[in-house]
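**Student:** Line by line, the protein sequences give chains A and B.
Heads up: the first sequence begins at 1 in our numbering, then just goes up one per residue.
Heads up: the second sequence begins at 1001 in our numbering, then just goes up one per residue.
These are calculated hints, taken from the structure and not from any lab test.
Keep in mind the model is a prediction, meaning the values are calculated, not measured.
Treat each hint with caution, since some may be false.
[What the hints assert, rightly or not] 30 Å max Cα-Cα, derived DSSO-like pairs, lysine-lysine:
(1) Lys1245(B) <-> Lys118(A)
(2) Lys308(A) <-> Lys1245(B)
(3) Lys288(A) <-> Lys1063(B)
(4) Lys1063(B) <-> Lys118(A)
(5) Lys308(A) <-> Lys1045(B)
(6) Lys1245(B) <-> Lys44(A)
[Said to hold, decoys possible] Derived list of chain B stretches under chain A, where covered just means 3 residues or more per stretch with a C-beta under 8 Å from a C-beta of chain A:
(7) 1039-1048
(8) 1356-1366
(9) 1405-1418
Beta carbons are placed, not taken as given, at the ideal position from N, Cα and C, and that holds for glycine.
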Amino acid sequence: MTHVIPITVIRRERVLPVPGAVLVRVNERLQAADVVAEAEIDPKHYYLDVARGLGISVKDAGRYITCQKGDRVETGDVLAGPAGVPRRTVRTPASGRIVGINNGRILLESFGKVLQIKAGFPGKVISSDGAQAVTIEAIGTLIQGVWGNGLQNYGVMRLVGDGPSSRLQTDQLDVNLRGAVLVAGICDHPAPFHQATELSVRGVILGGMPSELIPVARRLPYPVLLTEGFGEHPINAAAFNLFVSNVGREVAVDAGCAWPQPGQRPEAIIPQPSSRQVSHPDRVVSLKPGVRVRVLKPPYQGEVAVVKEILKRVETYPSGIRAKSAMIEIDGVGTKTVPLANIEILQ
Amino acid sequence: MSSILDTDTILAVDVGSVSTRASLFDVVDGHFRLIASGRAPSTVKAPLSDISEGVRMALDQVKAVTGRKLLDETDLLIMPVTSGGSGVDTFVATASAGPKVRTVLVGLMPGVSTDSALRLAESTYLDLVGVIDLLDTRRESEKIDLILSARPDLILVVGGTDGGAQDSVLQLIELVAVASELFSPNQRPRIVYAGNRNLGAAIADRVGEHLDIALAPNVRPSLQVEDLGHARLALGEAIAEARNKRVHGFDELEQWSGGTMMLTADAYGRVIRYLSRIYDPAKGVLGVDVGATNTMIAAAFEGDLRLSVETDLGLGEPLPTLLRHSSLSNIARWLPSETSERTILDYIYNKSINPATVPAEEEDLLLELALAREILRLSLKRARKRWPKDRDLKSTWLMPSVEPIIASGSVLARAPRPGYAALALLDAIQPTGITTFVLDPHGLSPSLGAASGSVPMLTVHVLESGSFVSLGTVVSPVGNARMGRKVLSLHLELEKSSEDVVGEVRMGQLAVVPIRQGEHAHLTLRPERGIDVGFGGPGKAGALRIAGGAVGLIIDARGRPLVLAKDPARRRELNKKWLIDIGAVV
C-alpha cells in the first residue's frame, strides 16, 4: 500500500544505529533541520599488550597497569609502567577511553565520527528512549514514493514544467529555483541534475528516471525521490494533484531509503496547519470495490484507478499467464482488467 | 481417522518474503492428496512487520475453496479436527521470510574449518559480512573494528579438530568476546561455536556470563570428516531468534506446529535428500527453486545432501545484484526479440521494487524467464563447487547425471505453457544424458520436508499424485558433431497405441515427441559414434521405459555446453525457433 494522503497524522521514528544521546525532549517542537540524536560511530580500537610492551609476564602485567576501565586518556598518557631497569612504559597511541582491561591487555577506544540524526520534518517529539530513538509527529500531506537516493532535506516546493510527464531540462532551471525542492515528471539525462546542483536545490521529486542514472543520483548532494519507478513514468495523478495544490509550501523530502529499502518508504511530507481532528493512515486496507489503486505494470503502469470488481474467475493475459484479477476504472481510459498482483492500494 | 495413517488432515504454511502459501492435505482413498492451496502477499515488511495477516489471508483462501473452518473465533488454529469437520490434525510450517541475518565467520584454517563453515553459511539464510581466520594478517584491533562495524546478528566460530588445536581457538574466542562485549547489551550478537568439541567448557566459561553462546558439534571433527548437519540446526535456531526479534507472528506458527517450524531451505533439502534414496543411486537428485529473495539449489547423492542458498540471487529485491555477476548482454542473449539494455535495466530495478508483480505482456514474460535462466545458471555454477568431486564430471562445463530435476519458483510455475519452463531449465541447467523434469507448481516441497518427520507417508503420496507436474523425459546427447549431422536415432513405442515413432535427431536440433501425462512408452536410443546419451559411454545404445509429461519426450541436441550463435539476429531467430519447437509458442 502506498500513502498519498492530503492530510493525515504522520509519525516517524528516528533511530541511531548504536546507542548515543537524544538531544530533544518530549513535547518539544522541532524544525526539519534540528538534530534530534547523535552518537559516536566507527571508533578505532587499540588492543595494547602490556606484558609485551613492558617485557614482563602476563601474570605480572596487572600490577603495572595504572588506568582503569572507563578512564578518558589523551595521546601519550602512560597506561602501564614504568617497569624494570629501562623503566619501560605503555602509552596511549591516541586520545580516547579505556573500554576493557583483561589478561594483561588494555582495550583503548579512540573517538569516532559523530553521527547526527535530524528531525527531517517539522513536528513535535512524542516519545524518546533517551539514548537511541525519538518519535516525531506532525500533521501534513504525505506522498510516498518507491525509491530514494539516500538523502533528506527540506525546502520550498516548485513545479518545473507543465504536467506530471514533463521532462526536467536544463533550460528550465534558473536562479529563481535556487534552494527549492523541484517537482517534475521525468529526468532522462544527467545534465539537469548537475545544473540543479549548481543552483543548490534542496531536492528533486520525479515520477521516473532511467535506472542508468542511479549512480549519478547517488552522488548528488540533494535528495532525489521517485514516486513511480525506473523508466519514463510520469508522477501518478493523485500525487501530482497534491504537489500542484501545495506549490510554494515547504516540503520535507526523505529519500533516505536507498535500495534495498529497509522498510520505511521514501516520502515527501508537506506540513499543514490543522485545527480539526485528523486521523492516522491505515496500516491495512482490504482490496475491494471502491478502493483506489495504482497500476504497477504495463500496459497501464502508473495509472490511478478505482476497483470496480474483484473477479472470481482467473483471467488470461497477452503473455498467456493466468492470474486472479480485478476490474478497475481508469480515469480517461475506461474499465480494464488487471492482475491483482499488478495493482497496489493507494490510500 | 484412517486406519493406516495416524493423521488425516494436514495444514502446511510456508512464509516467503513475497508470498505466503497454505496447503491443505487430506486422505482420499487411503492416500494423501493436496485438497486446496491458498496464496497471499506476505506481510513481513513494514508497516506491518507481522506475518500473521498474510497467513490468515492464505488460510482464508483455503477455507474459501474447501469450506473448512480452520481458525476459531479467537483466530487460533483448530486442532485436532472437530466432530463437525473443522480444523486439522497436523500443522507444519516453514519460513524463509525475514531480514537477513548479518553474520561474521571466525575460523582457524582456510581450506579446512573455515571452508566447512563457509559451506555451512552458504546453505542457509545468512548474509556473510566478514570473515576472520588465523592467516588473516590484520592486527587484532583491526579485527575487533571489523566485527564492530559489521554489526552482526551472529558470529559463527569454528576451528580445531576434536582434540586438536586449543590455544589458537581460545585466542579467537577471546577476540570475539572482547569485540562482542563492546556492543550495548541489546545489540550483542549471538555466538555459535562449532569448533574443537573439547574446548566447549572453557569457551562457555570465558563468554557465558555476558554473551549469548550456543555450542554445536564440530563442523570438522577431523580433517577427513565434515559434519554440517548439527551446526545447521544451531544456526537455524539463531536465525529464527534474529528473525523473531524483528518480525512478529513467527512465535504463533511455532506454537501451532508444536515447535517443529523449519527454515524453508532445510525442509526443502530434506525432501531432495529423501528422493535421492528412492531414485537411481548411480545418479543424484537435483532441486532448483528460483525465489524472490534467494535461489535454492539442493543436490543429493544417495542421501548426501549438498544444499546452497544463494541469498544474493533472486527474482525480486536482490535482482540488481545479478548484474555484479552477470551482464545485460548475458541476459539479452536468451531473448527471442531485440530488447534495449536500458529496457532490461529498468525492468530489473522495477521488479526489485515490486517483486510480487506478474508479467502481463509477452515481452515481460520472456524477460523474466531470461533473468531466471541467468540466476539459475549462476546459482548452479556456485553450488556445483560444493558437490562431491566423484559425482561431478571431469569437465567443469558439463552437468553430472541427475534424475529427476525438480523445479519450483513462481517464474517457472506460472509460465503459461509448460514449454516455457522446460526451455528455461534446459538452457540454464543444461542436463546431460537422460533425466526427467518435474515442476512443483504449488511450491509444496518445503511443506513435504517439514511434514516428513511427523507424517512420513505424505511425501510419497503427494509425489505420486498429480500435484507435481512432470514436464517430460529429457535426453541430452553429449559429444562433438558437426551442426546438422545425425547424432542419434530413436524408436518410441507407446504402450497404449500401436503407432510407433521412429526418427533421427541431428546436431543443433531441439526435438519434442508429445507423450501425454499418465502414458508410458518404451524408448530405444541409438547414438552415433562419439555421442553419449547416458547408456554407459559414447556410441552405446539402450532402451528404457519413460513416462509422459506436460511437454513429452524432449531431445536436446543443441550441444553441451550449449553455445549460442554469436550473431545477435541469428541468436534471436534460434531462441524463437526453440520456443516454437518445445511448444511454448504456437
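**Student:** Against each hint, give a clear statement of whether it holds in the structure.
**Tutor:** Against the structure, the hints come out as follows:
Annotation: proposed proximity of Lys1245(B) to Lys118(A) holds, straight-line Cα distance about 26 Å (limit 30 Å). Proximity of Lys308(A) to Lys1245(B) is assessed by CA-CA distance (about 40 Å); at most 30 Å being required, the pair is judged violated. Between the alpha carbons of Lys288(A) and Lys1063(B) the distance comes to roughly 19 Å, so the proposed pair stays at or under 30 Å and holds. Taking the CA atoms of Lys1063(B) and Lys118(A), the gap is near 48 Å; set against the 30 Å cutoff, the hint is violated.
Distance restraint check for Lys308(A) and Lys1045(B): the Cα-Cα separation of roughly 28 Å lies within the 30 Å cut-off, and the hinted pair is therefore satisfied. Using a Cα cut-off of 30 Å, the hinted pair Lys1245(B) and Lys44(A) holds, with the two alpha carbons roughly 29 Å apart. For a cut-off of 8 Å, the count of residues in the segment 1039-1048 of chain B with a CB near a CB of chain A stands at 4, and the three-residue condition holds. Residues of the segment 1356-1366 of chain B lying with their CB closer than 8 Å to a CB of chain A number 9, which satisfies the three-residue condition for coverage.
For a cut-off of 8 Å, the count of residues in the segment 1405-1418 of chain B with a CB near a CB of chain A stands at 4, and the three-residue condition holds.
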